[in-house]
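Construct the complete structure from the given sequences, taking the supplied hints into account.
As a plain string of letters, each chain reads:
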Amino acid sequence: MALKARDAAIEGEAARQGFAEIVKQAAFAALVTLGLCIPLLAIRTDQSLNNQLVLVPRWDAVAIACGLVFLGRIALAYVGRAGSLTGGTTARFHAAGAARPVGKARLASFLRTALLGFVVAFPFIAIWGVGWQGSIKWIDNFGVQILIYVMLGWGLNIVVGLAGLLDLGYVAFYAVGAYSYALLAKNFGLSFWLLLPLSGILAAFWGVLLGFPVLRLRGDYLAIVTLAFGEIIRLVLINWVDFSNGYAGIGGIPRPTFFGIPFNASDDGFAARFGLEFTPLYRTIFLYYVILALALLTAIVTIRLRRLPIGRAWEALREDEIACRALGIDTVNTKLTAFALGAMFGGFAGAFFAARQGFISPESFTFIESALILWIVVLGGMGSQIGVAIAAVVMIGGTELLRELDFLKAVFGQDFDPAQYRMLIFGLAGVMMIRWKPRGLVSTREPTVFLRERKAVSVDLVKEGHG
Amino acid sequence: MSAPPPGPADAPLLRVEHLTMRFGGLTAVDDLSFEAHAGQITALIGPNGAGKTTVFNCITGFYKPSEGMLTLTPPDGGRATLLERLPDFRIAREARVSRTFQNIRLFSGMTLLENLMVAQHNPLMRASGYTLLGMLGIGGFARAERAAIERATAWLDRVGLLHRADDPAGELPYGDQRRLEIARAMCSDPLLLCLDEPAAGLNPRESAALNALLRGIRDDGVSILLIEHDMSVVMEISDHVVVLDYGVKIADGAARAVRDDPKVIAAYLGVEDDEVEAAEAEALQAGEAA
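Top to bottom, those sequences are chains A and B.
Reminder that position 448 of the first sequence reads as 448 in my numbering, one-by-one numbering, no gaps.
Quick note, my numbering runs 467 ahead of the 1-based positions in the second sequence.
One or more of the hints may lead you astray.
[Said to hold, decoys possible] One-sided excerpt, in silico: chain B residues whose CB lies under 10 Å from chain A:
# : residue
1 : 612
2 : 614
3 : 655
It should be emphasised that the hints constitute simulated quantities derived from the structure, not laboratory data.
Idealized CB from N, CA, C, for every residue including glycine.
As structure tokens, then:
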């Protein structure tokens, strides 16, 4: 009895000590926040009535931030503890899952079919849900926008996820595709369906051109050169005004037609020909299916390539370049194909983007776009198709959703714009990901060939590549 | 066990002539010449830092030799290749020299089967019409892939890892990883297999199994060039031993003869002080006489 009581006392003591430790850590975190907040939050510069700069102290905001961090740190400590307690059961669950791969595979294939069905039916679901007028926003801002990024993510995934080459300038190929379409369509009147492959080929050509000199570099060096290339393309577009019209951009880009039938209100427009009432929605739906087809093409090509020797060589390259060379693989050519193929899909997406917007300018191709696409690939889990798609939905859909949160204005006042907090939320999501899912949402690798059963490889064994 | 003297008709599989490799002021390999014959296991031994791995890196193209000529002559009478002129991946692809590494280099995130499929990259690339035909599903790619899987399965069976074919290579224990690396090198269909310390870190039983595997590979007609520290492996399976010390060849011959060579014993074990004195006195006398 006495022993038991003593055990309980010791346990209580340990818990008390644990709590004191947690509070200490939380206080320290709050202190760091205070230090960070003084330059960032504590003072707001404002203009007074007679145009003088005045400093408005905002200590209440600092106090709120510090308090939030303090409480958040305590909550985090308890969540972490609960997580370590349930860790054992999840491990057992995983083991059971591995023993019954058939059920899991069936579930996965069912989910895939359901998801594909939803994506194909999405425009009609939107029309049914919010009506003809409201649905254009959903199909365009959510559907088309997300699918462009899904496609860009899948394209970059070939370079970063499969071949392990860190490319920080992917948006350059997107820009090449967009400007190829815009200039060739405007100046030579070529059609969308001809220019789409041509833009991809031109982007791939630029990929090879860049790849030849730089693919000897590895890791950080490659990342910096690709980053520079992205900036060079943008700066050339800004400064070569004769060619690209500089900052002003290119407007009035011909819109895609329904295989020659334009989407307009005229007598030989799409609506009139098919005996429908004219609405701009038809074009949006058409664009949705075009980008869906392009994205699916990217996915199918990638899935097939992974099972061909070239795809396996990409992954082997990511794992160990020296071993690849010892096995007779031409690593420069293999890297170039990955680079060119990734660039080609970027070019397709760019051409589509130009056709959809009708107006492009260098503003659309800044480094932040490259970073966003790379973010999508890393968040999704490098090399995973479904992970990248989910990440694109979360990142792009999330941004668009922020614009919809009008009710927050009632809480924070009329001039509160949730979309302004986009970067803050990305940053937070990044920190959380690094803490809990450092290798992305989908952290397993599917083998490309198997003898008896397809076992997913834990991503802990998979290397990230070093350029 | 004794090496047959090379007749004029049968050129050696690999002839290394006057190989010299300098790194700045350091001469790692100094005017080394030796031959490796077809159908034999040739061992390259020597104390640590003798330059064995440097020789390997020169043969497999990972280093460009400072001087010297490396000739590979296929035993079936094909055209000889000068290895020092080819980049590393073409040595593996065209001269069919395959290698393993001292610190194992497997594709750890890929399954065993995938590792062996990557080794068959070049024939599979040809079969897939350099990806284009394979992409469209025409041509003989499916057949070639089945054959490649069969070949990989046969090698997995031979190294005793068939039951783990679908596991990632990074999960294997150390000894199994060594055997898998040999199987992967063999899947690239080499004429000459270069093994850099294949027995390092193996226990006696694994080392005996390795001996059997290497003998089997030799009996299939693939020649082996081997760097090894484990003398039980070297003495038991080598047909021919080359001993290096400080980048210079100090002995060359059949395993038994090399083992009893006083220079080899001196290089490995060092010599008694009085022997050194005797040698110095001898040198001094010789100098005076001259």
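Tested hints:
1. About 8 Å separates the beta-carbon of residue 612(B) from the nearest beta-carbon of chain A, less than 10 Å, and the hint is met.
2. Taking 10 Å as the C-beta cut-off, the interface hint given for residue 614(B) is violated, the closest approach to chain A being about 13 Å.
3. Hint status for residue 655(B) relative to chain A: holds, with the closest Cβ pair at about 5 Å, below 10 Å.
Checked against the numbered hints given earlier, this structure breaks only hint 2.
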